[in-house]
Each structure stands twice: as structure tokens, then as C-alpha cells.
Amino acid sequence: MTNMDARPWDEDEALLDQLRKALDYAGPVDLAVSVGSAAFTWRTIDDELARASLVFDSLMESTTRASGDDSAQLLVFEADSISIEVEINPGQLVGQVVPPTAGTVELLTPEGVVGQSAIRDLGTFTIEVRTRGPVRLRFHGPASSTMTDWFSGPR
Amino acid sequence: MRMPTQSSSGVQNGGNRMDDGPDLPMLVAEANLGSQIAWDCLVRRFAPLVMAVARQCGLATHDAQDVMQTVWLRLVEHLDELREPRALPGWIKVTTRHEALRQAGRANHAGPVDALTIGELIPGQSNGQPDVNLLAAERHTALLEAFAELPENHRRLLELLTVDPPLSYVDISARLGIPIGSIGPTRSRALQRLRRNPVLAALSGRAQFEGAGG
Numbered sequence: 001m002t003n004m005d006a007r008p009w010d011e012d013e014a015l016l017d018q019l020r021k022a023l024d025y026a027g028p029v030d031l032a033v034s035v036g037s038a039a040f041t042w043r044t045i046d047d048e049l050a051r052a053s054l055v056f057d058s059l060m061e062s063t064t065r066a067s068g069d070d071s072a073q074l075l076v077f078e079a080d081s082i083s084i085e086v087e088i089n090p091g092q093l094v095g096q097v098v099p100p101t102a103g104t105v106e107l108l109t110p111e112g113v114v115g116q117s118a119i120r121d122l123g124t125f126t127i128e129v130r131t132r133g134p135v136r137l138r139f140h141g142p143a144s145s146t147m148t149d150w151f152s153g154p155r
Numbered sequence: 156m157r158m159p160t161q162s163s164s165g166v167q168n169g170g171n172r173m174d175d176g177p178d179l180p181m182l183v184a185e186a187n188l189g190s191q192i193a194w195d196c197l198v199r200r201f202a203p204l205v206m207a208v209a210r211q212c213g214l215a216t217h218d219a220q221d222v223m224q225t226v227w228l229r230l231v232e233h234l235d236e237l238r239e240p241r242a243l244p245g246w247i248k249v250t251t252r253h254e255a256l257r258q259a260g261r262a263n264h265a266g267p268v269d270a271l272t273i274g275e276l277i278p279g280q281s282n283g284q285p286d287v288n289l290l291a292a293e294r295h296t297a298l299l300e301a302f303a304e305l306p307e308n309h310r311r312l313l314e315l316l317t318v319d320p321p322l323s324y325v326d327i328s329a330r331l332g333i334p335i336g337s338i339g340p341t342r343s344r345a346l347q348r349l350r351r352n353p354v355l356a357a358l359s360g361r362a363q364f365e366g367a368g369g
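First to last, the protein sequences are chains A and B. With the numbering used here applied, the first sequence corresponds to residues 1 to 155, in that order. With the numbering used here applied, the second sequence corresponds to residues 156 to 369, in that order.
Bound conformation, chain A alone:
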């Protein structure tokens, strides 16, 4: 308590105490470490696939949407030749490949492929999501395959 006066880390004891508080604030990290460790297996998986990077997230836009508007979150991922738009709804992703291309879309979690959907007319697709946490999409077209960045799926 006393170290809140003036600079709280001039003295060694005070600094150590501040560090203790900071580490307590972060909380236990054991799960963080095991989850993080497992992520390394993705380092070279599908290295050769084209990557579609997140270029738009409706949640990050300061639009005129009113607070409390419950319209779905929209994400747009772009690769060189195609873009993949995804609307995140409760329990499912509804998306579209632009320009419309025949093929399939797979849903991946850190554990692997958990779902798949054929691309319909106009490039649209729907995939059920039954897990929480990060997901990504892998699109297989006639000519090439594309993988999106990781994003947070439906809660």
C-alpha cells in the first residue's frame, strides 16, 4: 500500500511487490502454457497453401450501427485471387467465396478438421460450429486451396 506513493518501483522491495501484484493480476498461466505449446504443431502445416488475411471485421468498424444492434459479425478474408466473407451466427458460419467458385470449405479448430460444406451456387456455404475458441476455414477450389487466418468462432 505504501508503495503507491510517488514512484512505486524506486525501491527493490516495492518493485518486487508490484511484480507480484502484476503476476497475480494475470492469474494462473498453466493452461495458457499448455495451449500455447500445442499451437506450435501448426507451424508448418499447410505451409504451401495461399493465405487469406483478415481485412475487415464489422466489430472493429466505427460505423453508424446503434449500440444493441444484434446483427451478425461479418469478417472478410482476402487472398490474391479470392476473398472469403464470413458471417458469424450462433452455432454456425454463413459465408461466401468471391468470385463464386465451386469447391468445398472445411472448418478447422486447433485440433484439426471438424466440419465441411460444399460451396453452393453464388459461392455461398453454411457450416455448423459446435466448439468454442479459435477456428479457421480452408477452401478447396478446382485450381487451388486457400486458408484463412484464425478467428474467434461463435461463442
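Just so you know, these hints were derived from the structure itself, not from any lab. Hints should not be assumed to be uniformly reliable.
What follows is a set of in silico ranges between Cβ atoms, one per label pair, in the way DEER data are often shown [stated by the list, open to error]: (1) A/Pro99 / B/His233: 23 to 29 angstroms; (2) B/Ala357 / A/Arg130: 43 to 49 angstroms; (3) B/Ala357 / A/Ala38: 32 to 38 angstroms.
Computed from a predicted model, the values in this text were never measured in an experiment. Note that the Cβ used here is the ideal one computed from N, Cα and C, for glycine as well.
Here the structure of chain A is known, so what remains is to put chain B in place on it, guided by the hints.
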């Protein structure tokens, strides 16, 4: 309450190094060559910072953990694009904040989230007063960022010096395999190094921070 962990701290040729040089570039380089051990060291090192930034954005534990998993998965694929290993703490902080704000926006069904609404997402920030909790959270994340940049031997020692219940120097000496007599001097070198980190220096210089205690 944090209990001491039994984790191994070392990278193949870095675990026993006793010099005080920065080892972050080495860890990044080894992880980029495929070393799981180096990667695990990076994860262990930055996990508290990621969790603290996520909490600072108003996330509860479960959401913070989801965010953290996304951050690691992104980092795995972007690590080799980092031109300068020293940019890593900044990359981690920004990526975590973005993901956390997305998650917070969804959790609150609050529509768009931007810097102006961050305050509303943090409890106790609505009364228009400079918030002591907010300032404390800023101080926590700054300290954890500086802490993550310490060399492994310094980090390990300070970690053991802050556990609850406290460990004796005899215990610490046994856990780290270093002489009891070196604990005191290493402790003060580690703290001095922590204190000199520019992130802390910047925070110390701010008037509102100086007055944080009221």
C-alpha cells in the same frame, strides 16, 4: 495465489546461461528453426502479459483464454515474418488487444468496439473519475512486458521470489541450482534491469501515474 512451478526453463544451450544478455532474439531464432523447447519458453514468458492485456480489456477468464489461444496460433504463423525479435512484445500486445476487444464486443453485444468504448467495457470506469483500477491495470501490463524481456535466469529468480507462500533462499538455491550467495546480487541486477526498461520509464514519467495513489 501462485505456487512455484516445476517447469524446465532452459533452451538447449540457453537454460544454464548465467550472463545477463538478452536472450529473446535467440529464442525467436531457435523457434523459427523448429525448436519446440524455444517456442515453449516464449509462450511461458509472454503468457502473463497476454492474460493481463485480455483482462485489461474487460474479459473474464474463459474469454481471455480463448483470446490467448488465438494469439498463439497467429504467432506461430507470423513469427518468421518478424524482422526484429525485439518487436515481439509489441506485436503480442497489439494482437492480444485487438482480439480481446473483438471478444469483448461480442460478449457485450455492444456493436462496434473502438478505442473510445474501451472504458465502458472496464468495470468501474463509468463515473468519469480517473480510475485507480485502470491505472493499476496499465501498470501491471507494463511491468509484465518488461518482465518478459528479462533474460531467463533473471525471470526465473524473480518468479520464485514472488510466489506465495514465499520460498527460502535455500529452496530457491536448490530449485535454480545456483549458490545462495548469488541470489541477492542477481536479484538486485534483475530488478535494476526491470526498472530500466523503457516501457516502465515511460509509465513512470506520466503525471497521472505519479498521482495514482491519490
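Going through the hints against the structure:
| no. | hint | result |
| --- | --- | --- |
| 1 | A/Pro99 / B/His233: 23 to 29 angstroms | holds, 28 angstroms |
| 2 | B/Ala357 / A/Arg130: 43 to 49 angstroms | holds, 45 angstroms |
| 3 | B/Ala357 / A/Ala38: 32 to 38 angstroms | holds, 35 angstroms |
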